[in-house]
Amino acid sequence: MVDLSVKIGSFEMTNPVMPASGTFSPEMEQVMDINRLGATLTKTISRELRDGNPPPRVAEVECGMINCIGLPGKGIEYFLENQIPDYLRFSPPLIVSITSTIHEDFAAMAREVTVPGVKALEINISCPTRDPNGGNFALHADETAETVRLVRAATDLPIFVKLSPNAGDIVSIARAAEEAGADALTVANTILSMRIDTHSFRPSLGHKVGGMSGPAVKPIILRMVYQISKAVSIPIIGCGGIVKAEDVVEYMLAGASAVQVGYASFRNPTAMVSIIEDLEEWCDKRGIARVADLTGAVQDDMETDTYIAAAAGI
Amino acid sequence: MESTVFAARPHVVGTENTVDQAPAAPVEEILTTVLANDSINDEYKHLIVTASPKALTAKPGQFFHWLCPSPDEGDLWLRRPQSIYVVDKERQRLEFLYKCVGRGTNGAATLKPGDTFNMVGPLGVGFSMEPGWKNVVVLGRGVGLATLAPISQLIAENGIGATVILSARSPDLAMSGDLFEKAGAEVITVTDTDGTSAVENVEAIIEQRVADNRADAFFTCGSNRLFMLMKRLGKKHNVPGQVAMEQIMACGLGPCYVCVRTFEIDGVKTLKRVCIEGPVFDMQEAMGW
Numbered sequence: 070m071v072d073l074s075v076k077i078g079s080f081e082m083t084n085p086v087m088p089a090s091g092t093f094s095p096e097m098e099q100v101m102d103i104n105r106l107g108a109t110l111t112k113t114i115s116r117e118l119r120d121g122n123p124p125p126r127v128a129e130v131e132c133g134m135i136n137c138i139g140l141p142g143k144g145i146e147y148f149l150e151n152q153i154p155d156y157l158r159f160s161p162p163l164i165v166s167i168t169s170t171i172h173e174d175f176a177a178m179a180r181e182v183t184v185p186g187v188k189a190l191e192i193n194i195s196c197p198t199r200d201p202n203g204g205n206f207a208l209h210a211d212e213t214a215e216t217v218r219l220v221r222a223a224t225d226l227p228i229f230v231k232l233s234p235n236a237g238d239i240v241s242i243a244r245a246a247e248e249a250g251a252d253a254l255t256v257a258n259t260i261l262s263m264r265i266d267t268h269s270f271r272p273s274l275g276h277k278v279g280g281m282s283g284p285a286v287k288p289i290i291l292r293m294v295y296q297i298s299k300a301v302s303i304p305i306i307g308c309g310g311i312v313k314a315e316d317v318v319e320y321m322l323a324g325a326s327a328v329q330v331g332y333a334s335f336r337n338p339t340a341m342v343s344i345i346e347d348l349e350e351w352c353d354k355r356g357i358a359r360v361a362d363l364t365g366a367v368q369d370d371m372e373t374d375t376y377i378a379a380a381a382g383i
Numbered sequence: 043m044e045s046t047v048f049a050a051r052p053h054v055v056g057t058e059n060t061v062d063q064a065p066a067a068p069v070e071e072i073l074t075t076v077l078a079n080d081s082i083n084d085e086y087k088h089l090i091v092t093a094s095p096k097a098l099t100a101k102p103g104q105f106f107h108w109l110c111p112s113p114d115e116g117d118l119w120l121r122r123p124q125s126i127y128v129v130d131k132e133r134q135r136l137e138f139l140y141k142c143v144g145r146g147t148n149g150a151a152t153l154k155p156g157d158t159f160n161m162v163g164p165l166g167v168g169f170s171m172e173p174g175w176k177n178v179v180v181l182g183r184g185v186g187l188a189t190l191a192p193i194s195q196l197i198a199e200n201g202i203g204a205t206v207i208l209s210a211r212s213p214d215l216a217m218s219g220d221l222f223e224k225a226g227a228e229v230i231t232v233t234d235t236d237g238t239s240a241v242e243n244v245e246a247i248i249e250q251r252v253a254d255n256r257a258d259a260f261f262t263c264g265s266n267r268l269f270m271l272m273k274r275l276g277k278k279h280n281v282p283g284q285v286a287m288e289q290i291m292a293c294g295l296g297p298c299y300v301c302v303r304t305f306e307i308d309g310v311k312t313l314k315r316v317c318i319e320g321p322v323f324d325m326q327e328a329m330g331w
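Protein sequence lines, in the order shown, are assigned to chains A and B.
With the first letter of the first sequence counted as 1, position 221 gets the number 290 in our numbering; the numbers rise by one all the way through.
With the first letter of the second sequence counted as 1, position 12 gets the number 54 in our numbering; the numbers rise by one all the way through.
Same shape as in the complex, but just chain A (with noise of 0.2 Å):
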């Protein structure tokens, strides 16, 4: 028997498996038993009714996607009245994924959603097409610790900030956020990218630009993971490519408490269930009783001569 369950400071899952934003809805029911999950994650929330980006919104790329969907919804009122109680019909705790472009109305806004049942807060402020002081705060430190601070002051739930791979200096951006009372981080929204279609000359994105993510973004956003980690005292759940129970692995080894899978919803709808599955036979396999062990347990003590090491074989 595998000890699966994990705590991102009060916050507990019976595996450390979640949806990322925006790839997961109650629709998913259609394919899989969201029961399964250790946790259930809206798409991002907006206060006001949002159309979303002109299409295409996505583009295939090597390794993974680009999506520039633009966080459309139906607002706020629509989502307390009606999205809420459809993903309460669901075990797995749910976190809420609220966005602002104003620091003063993310904090009315998280304020405004924490209503029974909501278990945790994930504030986006890191959506990669919008300007980096309207709403992709994730990009300064000052600017995410301030969306922050008023947000902590608003609410008593558990608050994940999810942080932005665009940033120059991401450590910099988490130190903020911790300092600021960010209960948690969630490392990283996608990378802001392009493609050129060379038949028609055209942007591939409607939005021309858009945020890329799959298993190309892994070992990027991993080292993100395991930096910050060193870095802070808060838990880090990791997002960025997931596409099995190893990926998992490396990411709780990096210093990630849980993760967040996206893409490989897309692939494969059930991935997340598999996944679970498999990183409980991982850890059976290895003899590993308690999945939250792996958080990080990295061994990175390396030889740091080069001679040394150099001289031992592969």
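Hint data in this document are derived by calculation from the structure and do not stem from the laboratory.
It cannot be assumed that every hint is accurate.
Unchecked claim - Within a straight-line C-alpha distance of at most 27 Å, the following computed DSS-like cross-link-like pairs (lysine-lysine) qualify:
1. LYS87/B - LYS131/B
2. LYS101/B - LYS224/B
3. LYS101/B - LYS314/B
4. LYS154/B - LYS96/B
5. LYS277/A - LYS311/B
6. LYS87/B - LYS143/A
7. LYS143/A - LYS311/B
8. LYS96/B - LYS131/B
9. LYS277/A - LYS314/B
Given the coordinates of chain A, work out where chain B should sit on it, guided by the hints.
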């Protein structure tokens, strides 16, 4: 132990030893076996695969999301939606008629009998027939002819008569006529080569069916020009209609909001997802094919 395989548990069609992760769910990821994948003309191929009981619940107008093999040295990273051509419950098979246009469909074109092929489905909202309809008009062109083909199963099951207008560049590209003829429909082929596919000619054919009281509903797919014609005639004569739509797609199940198209309902424009709110939509609400 280091595995490079994607975590997935597709239901292997025809085997008892794969576990259905969510028996209550109407959709599943299946590993089918290819029985045939033959070219029917220069552009289209006809794929026949084995199907699971869940896959065989597919309704006309629904689609499957293909995980296509690569046509080149690279890999494919997103699935490709493909409408159903025939659901053969008796022989437990699914048939698809597809046009080879990009890396996905050109990859599918490499499939040989005996190969396995991964698909997710059945997905989306298909065509529907209302009680009281006695005669309908079906108008399609190009890839739309494959998508409209399963309407032949619907009219046969419901004892409905149909006028089916197949529009194509040349007679060899006018597909699906045999399926509709077997279902008792009147099939009219119009082509660019003999000039009969001109909008005025098609309009005259439809107007005649309306005048003869043989147009209780309209169905179309495959051409914006023909869609606009049918929408106009539907509005003019108050004939309800359904249109099957396309869009670049990612998840196929609803959550990602990639595959939106514009619709106008009571004068208000709105976006709907082709994967879960379609692919079949009300013809008067659609803005273009």
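How the hints compare with the structure:
no.: 1; hint: LYS87/B - LYS131/B; verdict: 21 Å, holds
no.: 2; hint: LYS101/B - LYS224/B; verdict: 19 Å, holds
no.: 3; hint: LYS101/B - LYS314/B; verdict: 20 Å, holds
no.: 4; hint: LYS154/B - LYS96/B; verdict: 24 Å, holds
no.: 5; hint: LYS277/A - LYS311/B; verdict: 23 Å, holds
no.: 6; hint: LYS87/B - LYS143/A; verdict: 41 Å, violated
no.: 7; hint: LYS143/A - LYS311/B; verdict: 14 Å, holds
no.: 8; hint: LYS96/B - LYS131/B; verdict: 11 Å, holds
no.: 9; hint: LYS277/A - LYS314/B; verdict: 22 Å, holds
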